[in-house]
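Enquirer: Residues per chain are reported as follows:
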Amino acid sequence: MIEPFTVPFMGRALAELALLALICGPVSVLVFARRLSFVSDALTHTVFPGVVIGFLVGGTEGIVVGALIAGVVTAVVLTLLTSGGTLPDDASIAVVLTAMFSIGVVLVSRRSSYTSDLTSFLFGRILTVTPRQVAETAVLAVVILGLLLMTARALIFRTFDPVGAAAAGFRIAWLDLWLNIIVALVVVAAVRAVGTILVVALLIVPAAAARMLTDRLPVMAAIGTGLILLAAYGGLLASWNASVDYGVSLTSASAVVLLLVLAYLLLLPLGALRLRHRRTRTAPQGRTSPHELVG
Amino acid sequence: MDDVAVADAALRYAGVSVGYHGTPVLTDVNLELAAGERLALVGPNGAGKSTLVKSILGLVPVLAGTPTVLGRTPSRARTQTGYVPQTDSLDADFPVTAGQVVMMGRYRRIGWWRPTRSADRRAVHEALERLGLADHARTHFGVLSGGQRQRVLLARAIAAEPRLLLLDEPFNGVDAVSQEAILAVLRELSTVGTALVLSTHDLTVARELADTVCLLNGRQWAVGPPAETLTAETLRRAYGGHAIELRDGRTVLVEP
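In the order they appear, the protein sequences are chains U and X.
Sequential numbering of the first sequence, starting at 1, is according to my numbering.
Sequential numbering of the second sequence, starting at 1, is according to my numbering.
By construction, these hints were calculated from the structure, which means they are not laboratory data.
Heads up, a few of these hints could be off.
Below, a sample of chain X positions facing chain U; criterion: calculated Cβ distance under 10 angstroms [stated by the list, open to error]: (1) T27; (2) L31; (3) A34; (4) E37; (5) L57; (6) R78; (7) T81.
Only some residues are given here: those of chain U computed to face chain X with a beta carbon under 7 angstroms [said to hold, decoys possible]: (8) A135; (9) D161; (10) G164; (11) R171; (12) W174.
Cβ atoms here follow ideal geometry from the backbone N, Cα and C, with glycine treated the same way.
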């Protein structure tokens with residue numbers, strides 16, 4: 001069960017995914033609590049043209065720089081679109097998302113190796129991760145966790161009670177920008193390994209699954225990280241076995257994501273049970289606002 | 001600077017109009033509140049009570065006039081104002097315990113980096129204890145009843161040790177036990193010099209608790225002691241004719 005990972009490229013793939021697990025567990029909790037799933041999805045798509053341009057200009061090494069620029073620009077634009085206390089405008093986000101994605105596809109389609117390039121941008125190349133890429137991901141992971149720890153309290157306060165947090169003196173727009181940039185950095189960190197499409201699964205599924213098991217945010221983050229680690233191990237092993245033992249080509253990143261989703265589905269009944277248990281424990285509500293006011 | 005601020009009124013509004021996007025919600029509000037005084041904002045739904053409360057926090061644009069809070073501009077006074085939102089404005093499914101909610105009241109003091117200290121935990125415990133919820137520190141916020149949640153939110157505001165406390169409809173959907181607990185704590189707070197502003201459409205509460213009542217409906221219709229402001233005549237004018245006087249002298253409001 002461990003033997004495949006003694007092969008260097010498998011070991012690196014697992015190390016890369018472990019680093020991503022470390023950051024995606026906690027970040028996914030905030031994405032889940034802030035209901036930023038769609039914003040995260042938008043970020044992964046708008047980073048795509050950045051990835052393509054980066055690749056066209058600077059080759060594989062240019063991908064991170066391109067993704068970084070596109071990610072930060074998107075984070076700022078999305079913060080502006082959703083600021084002012086109004087709810088995110090789904091339609092405008094969707095327009096930005098599809099437009100940027102199309103630009104990416106147009107750019108990549110000009111190349112002769114169109115199909116293989118597109119596939120690797122969309123779904124990543126976890127098995128060809130280089131030691132240098134693992135090191136870069138490690139640096140990004142430290143930066144992301146640092147940014148997150150620095151503002152964790154304020155971000156949680158803002159998520160739970162935006163008016164209360166603003167009343168306490170926290171600047172909501174800056175906190176929103178901060179979190180969007182953190183999400184963008186996660187996308188940048190993950191884009192070469194798992195691609196722009198699958199990274200969204202790492203940002204949404206872990207916390208959603210962990211929520212079935214616990215009411216506590218730190219525990220949710222830890223469980224989220226644990227689930228990604230399990231899915232990474234299981235997914236890589238499955239694709240290795242499929243390829244070596246049965247000659248079936250199973251994309252590793254897809255296997256990882258499928259296992260993650262499977263974990264979510266398996267935990268769903270538990271979540272329903274917990275919810276029912278909580279409902280029965282909830283005390284009856286007090287009187288509602290009286291229509292008749294006697295003075 | 002701080003000594004000057006202490007001598008200042010808790011709240012001073014001179015000809016203040018507030019609203020969003022240049023459209024006024026409330027015009028020409030004139031208020032003065034000293035330390036330890038209790039002000040009730042009374043008016044029908046949509047009268048601008050919540051908007052006035054948010055303007056005291058510096059969260060609503062001022063269109064005219066000068067609001068002064070604890071001797072400063074509203075946004076500069078935020079470190080010394082406490083805010084209790086309406087319970088049902090919050091997500092009850094949010095994974096957080098009552099103790100963690102109260103700790104949020106300490107976040108500004110704690111700052112970005114430092115871990116919570118024993119003084120913070122003590123303040124949280126004391127605040128919960130004052131509201132009779134010491135046993136519920138580890139209870140999930142969403143499991144509590146509406147009244148208990150409202151008490152937790154008051155405990156959060158108290159934990160920040162504010163000089164001016166603002167409450168937005170604190171008795172909406174609150175059971176009698178919780179209402180009594182909240183009223184008792186509010187009275188205690190005002191005796192130690194905390195100024196209170198609460199919005200309510202419950203005239204009984206306003207009459208029992210407030211030194212000053214401000215009757216609002218798009219503008220300030222009356223301000224003064226409850227006995228002078230909550231009369232059938234002023235209520236009828238502010239509410240647009242939906243106040244009926246009963247034979248025993250009480251006033252009843254009837255929704256149209």
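Enquirer: Evaluate each hint against the coordinates.
Expert: Against the structure, the hints come out as follows:
no.	hint	verdict
1	T27	22 angstroms, violated
2	L31	19 angstroms, violated
3	A34	22 angstroms, violated
4	E37	20 angstroms, violated
5	L57	5 angstroms, holds
6	R78	4 angstroms, holds
7	T81	7 angstroms, holds
8	A135	27 angstroms, violated
9	D161	6 angstroms, holds
10	G164	5 angstroms, holds
11	R171	10 angstroms, violated
12	W174	12 angstroms, violated
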